[in-house]
Amino acid sequence: AQSVTQPDIHITVSEGASLELRCNYSYGATPYLFWYVQSPGQGLQLLLKYFSGDTLVQGIKGFEAEFKRSQSSFNLRKPSVHWSDAAEYFCAVGVNTGTASKLTFGTGTRLQVML
Amino acid sequence: DGGITQSPKYLFRKEGQNVTLSCEQNLNHDAMYWYRQDPGQGLRLIYYSQIVNDFQKGDIAEGYSVSREKKESFPLTVTSAQKNPTAFYLCASLDRGVSPLHFGNGTRLTVT
Numbered sequence: 002a003q004s005v006t007q008p009d010i011h012i013t014v015s016e017g018a019s020l021e022l023r024c025n026y027s028y029g030a031t032p033y034l035f036w037y038v039q040s041p042g043q044g045l046q047l048l049l050k051y052f053s054g055d056t057l058v059q060g061i062k063g064f065e066a067e068f069k070r071s072q073s074s075f076n077l078r079k080p081s082v083h084w085s086d087a088a089e090y091f092c093a094v095g096v097n098t099g100t101a102s103k104l105t106f107g108t109g110t111r112l113q114v115m116l
Numbered sequence: 128d129g130g131i132t133q134s135p136k137y138l139f140r141k142e143g144q145n146v147t148l149s150c151e152q153n154l155n156h157d158a159m160y161w162y163r164q165d166p167g168q169g170l171r172l173i174y175y176s177q178i179v180n181d182f183q184k185g186d187i188a189e190g191y192s193v194s195r196e197k198k199e200s201f202p203l204t205v206t207s208a209q210k211n212p213t214a215f216y217l218c219a220s221l222d223r224g225v226s227p228l229h230f231g232n233g234t235r236l237t238v239t
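Taken in order, these protein sequences are the chains called A and B.
Numbers in our numbering are just positions in the first sequence, counted from 1, shifted up by 1.
Numbers in our numbering are just positions in the second sequence, counted from 1, shifted up by 127.
Please keep in mind that the hints were generated in silico from the structure rather than gathered at the bench.
Beta carbons are placed, not taken as given, at the ideal position from N, Cα and C, and that holds for glycine.
Watch out, some of these pointers could steer you wrong.
As the list claims (entries may be wrong) - Derived Cβ-Cβ restraints for the label pairs, each shown as a range:
| id | chain 1 | residue 1 | chain 2 | residue 2 | range |
| --- | --- | --- | --- | --- | --- |
| 1 | A | Ala18 | B | Asn180 | 48 to 54 Å |
| 2 | A | Ile61 | B | Lys184 | 29 to 35 Å |
| 3 | B | Asn180 | A | Gln72 | 41 to 47 Å |
Construct the complete structure from the given sequences, taking the supplied hints into account.
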């Protein structure tokens, strides 16, 4: 079965600083990988996804992530954080069950931004 | 605008009562999902449905039931058998294959 580990429960950065959120996955085949963001009391919004091809993927809000098969990682990065980026971030790995997929989520990383 | 509507946003029930959470989508998506979210535990899959009149158990289905009589609707019933029902419940859908999930805004259920 697939699994996702987000080792950082809580990260605090200053506005304007760079950001990297870590994600490691476990899956026997080629993974489908996602990053989602959640504001308090809201649903999840997709930031970016990796299915195949270029290992550096660009997402919304200036985020990017890099798939590294050798390290089983899919870390999320942003060069300059804005105060509005404060939220919880979830990494997920998808498995195709045929006509639909099942996503397994990490436990999340809560990002706090200092002004 | 297309999307997923979960209602109500907040729900309060007494212990021992069944309660049904609503989820409606107008995205014409085939598959629908229910996740439970607890602090520090991420999202855990309760049930999912790939087509009408068919659904499968997820990782934590005990104490929950679902139905899928219409493509647009996937209600979740939290039964009295669920030992710790207080949580944030998220409904999601996707078109087909391995596509990103689209999420509703969730229902926070409190059982006392």
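Okay, the hints, checked on the actual structure:
1. A:Ala18 to B:Asn180: 48 to 54 Å: holds (51 Å)
2. A:Ile61 to B:Lys184: 29 to 35 Å: Holds: the Cβ-Cβ distance is about 33 Å, inside 29 to 35 Å.
3. B:Asn180 to A:Gln72: 41 to 47 Å: holds (43 Å)
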